[in-house]
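**Student:** Take a look at the letters that make up each chain.
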Amino acid sequence: MEESPYLPTAANARWRDFTSAAVTGVLVVCALFVIAPLFLVIYFLLKQGASALDWNFFTQLPRPTGVVGGGMANAIWGTITLLVLAAAFGVPLGVLGGIYLAEYGSDRVNGWLRFSADVLNGVPSIVWGMVVYLVLVVPFKTFSAYAGAAALGLMMIPLVMRTTEEVLILVPQSYREAALALGVARWKMIMVIVVRTALKGIATGVIVAMARIAGETAPLLFTALGNNFWAHSLKEPIAALPLQIFAYAISPYDDWHRQAWAGALVLMALILALNILVRVFSRDRRHIS
Amino acid sequence: MPDRPTPTAMSSVTASSSILPAPGSRLPDIAFKWLAGMASMLIFLLIFLIGWELYHGSQLAIHQFGASFLWTREWNPVEDQYGALPFIFGTLVSSLLAILIAVPLGVATALFLTELAPLRLRQPVVMVIEMLAAVPSVIFGLWGIFVLIPWLRDHLFVWLKHSLGFLPLFQGPIYGVSMLAAGIIIAIMILPIVTSISREILRSVPNLQREAAYALGATRWEVLRIAVLSYARRGLFGAAILGLGRALGETMAVTMVIGNNPQIAASLFAPGYTLASVIANEFAEATSDLYLNSLFELGLVLLVVTILVNIVARLMLRSMTGSASGKVS
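In the order they appear, the protein sequences are chains A and B.
First residue of the first sequence: 1, per the working numbering; consecutive thereafter.
First residue of the second sequence: 1001, per the working numbering; consecutive thereafter.
The shape of chain A in the complex, shown without the other chains (with noise of 0.2 angstroms):
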């Protein structure tokens, strides 16, 4: 912007329009830079991956070192429990609060619950594995699902509160008059009107936060620790896909390389099941993102 490109010579226009081209192919090219991981991920995925799996990956334990074969079933249900726990434990809290935040709180409270919660999205995973580590783990001498799923509620609650309270926003202030103008009680109100037409998109967030803890490994290191076997309760220390891909990853076996990656493909699938779920949700309300 420094000099005048406004006189029209012939060589400058030319220059000019030619760096504009070459700018736009430039963008291009970035765009593709960024697109391509995904792809090369993906494509890697199968290739290791599908190979690698078999029947008995979803139905058998791991194997002792040296043993070829064997699978990751008690990793996938462990996966499974951990996010039902963790979402049993972190939505009715992040819901809550995001109906204080949409129907209750003051302007100057919310800006900073707001904030918070978002330098609380912020924190990093691991230290949410060491803080439940030195709460839930060190006072009851003992790893377990429990512990890990505490780690995993903790991180969802600020991302379900933030997207509660959008879309509880969202529901028409007409509706609330009209149920307080029949002599609803407030709570009623907000519970039988507003959560209630907004439930889908509560649902969305909570599938979404789901999905972004579900590939969560740093925070079930010292809480939830993994284990080669199944969890006979809950008090126990339990396996999870990521901890079994981490595991195996850093050994230096070949059949267990197979297997991380074929756990890897499972847990990307889990995931972008979760992902298209929240498409197929969040369809009908495409105005409101």
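Rather than coming from a laboratory, the hints here were simulated on the basis of the structure.
Every residue, glycine too, gets a C-beta built ideally from N, C-alpha and C.
Do not take every clue at face value.
[Claimed, not checked] Ranges between beta-carbon positions, derived for each pair:
1. B/R1203 - A/R279: 20 to 28 angstroms
2. A/S106 - B/A1284: 42 to 50 angstroms
3. A/K235 - B/P1173: 45 to 53 angstroms
4. B/Y1055 - A/F33: 35 to 43 angstroms
5. B/I1264 - A/F18: 40 to 48 angstroms
[To be verified] Chain A stretches covered by chain B per the calculated footprint, using a threshold of three residues with CB under 8 angstroms from any CB of chain B:
6. 10–19
7. 44–56
8. 65–74
9. 113–125
10. 156–164
11. 250–264
Fit chain B to the given chain A structure using the hints.
**Tutor:** Just chain B, lined up with the frame of chain A:
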């Protein structure tokens, strides 16, 4: 900071809405409001809890080493001697590399998406980028170990050494696992958030800006440069800082490709170690109390830095977009 807003919230309980009927129904109403209020206050509590627990957990190390922990270079579990410098160095360098790679690419892609791409193409590309954000860290790590690292070792690094080997940055033996590999994998992981926030920012640039520039006879690039980028500069900077906040805390993929060696080397080909990855790696085997406490102190350092970076980023984004930029994930 965390406690302050509480009194306001509590006092507004009593001043709650007056449209409500029969006094008998007030109690569940108040109870519900309290319940929701408590759930939301949990956010403040959590921030406080994280900080307090980590501080408490690192007491021994804090007493033993004091502030010098931050600039001590030695990390030697055998002699119970701990310093954070190699990890702080590793975290900063790998994150900086990631930012240097991801921000230009992310902003360029955002420009492509908002200004250039045919409408039909935009949604699919956005979807691909969202999917990229959904790939778990540990899968990037796996891919990094078996696909990216071999390729970097045999091609890119060799080429860099050949053409830029006169710089200390690109000297020394090539192992594959390295600071640069970590930077690249973090860059891939923060690209989605940098791109999507940049896109929001660019979309908030008024069309009048562009039209005015075009009306003056500017070419497309001149429009982008003069009317769009300079207008959005601040917000894009916020996006970069937010990306930095993510980069600092990336754990699993980094652990798997950085080589995990607590050294401070000039070469980007040399292995390194970050705050997050040393915690992930050594926490389980921390035998002495002091060792464990030192790891907690590293966690505390990481927490403080990421929170500060995030606060700065949010403040910049907020002033840019006006709203609290809700869709930022």
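**Student:** Each hint should be assessed against the structure and marked as holding or not.
**Tutor:** Structure-based check of all given hints:
no. : hint                                 : verdict
1   : B/R1203 - A/R279: 20 to 28 angstroms : holds, 21 angstroms
2   : A/S106 - B/A1284: 42 to 50 angstroms : holds, 45 angstroms
3   : A/K235 - B/P1173: 45 to 53 angstroms : holds, 48 angstroms
4   : B/Y1055 - A/F33: 35 to 43 angstroms  : holds, 42 angstroms
5   : B/I1264 - A/F18: 40 to 48 angstroms  : holds, 45 angstroms
6   : 10–19                                : holds (count 3)
7   : 44–56                                : holds (count 3)
8   : 65–74                                : violated (count 0)
9   : 113–125                              : holds (count 13)
10  : 156–164                              : holds (count 5)
11  : 250–264                              : holds (count 5)
Checked against the numbered hints given earlier, this structure breaks only hint 8.
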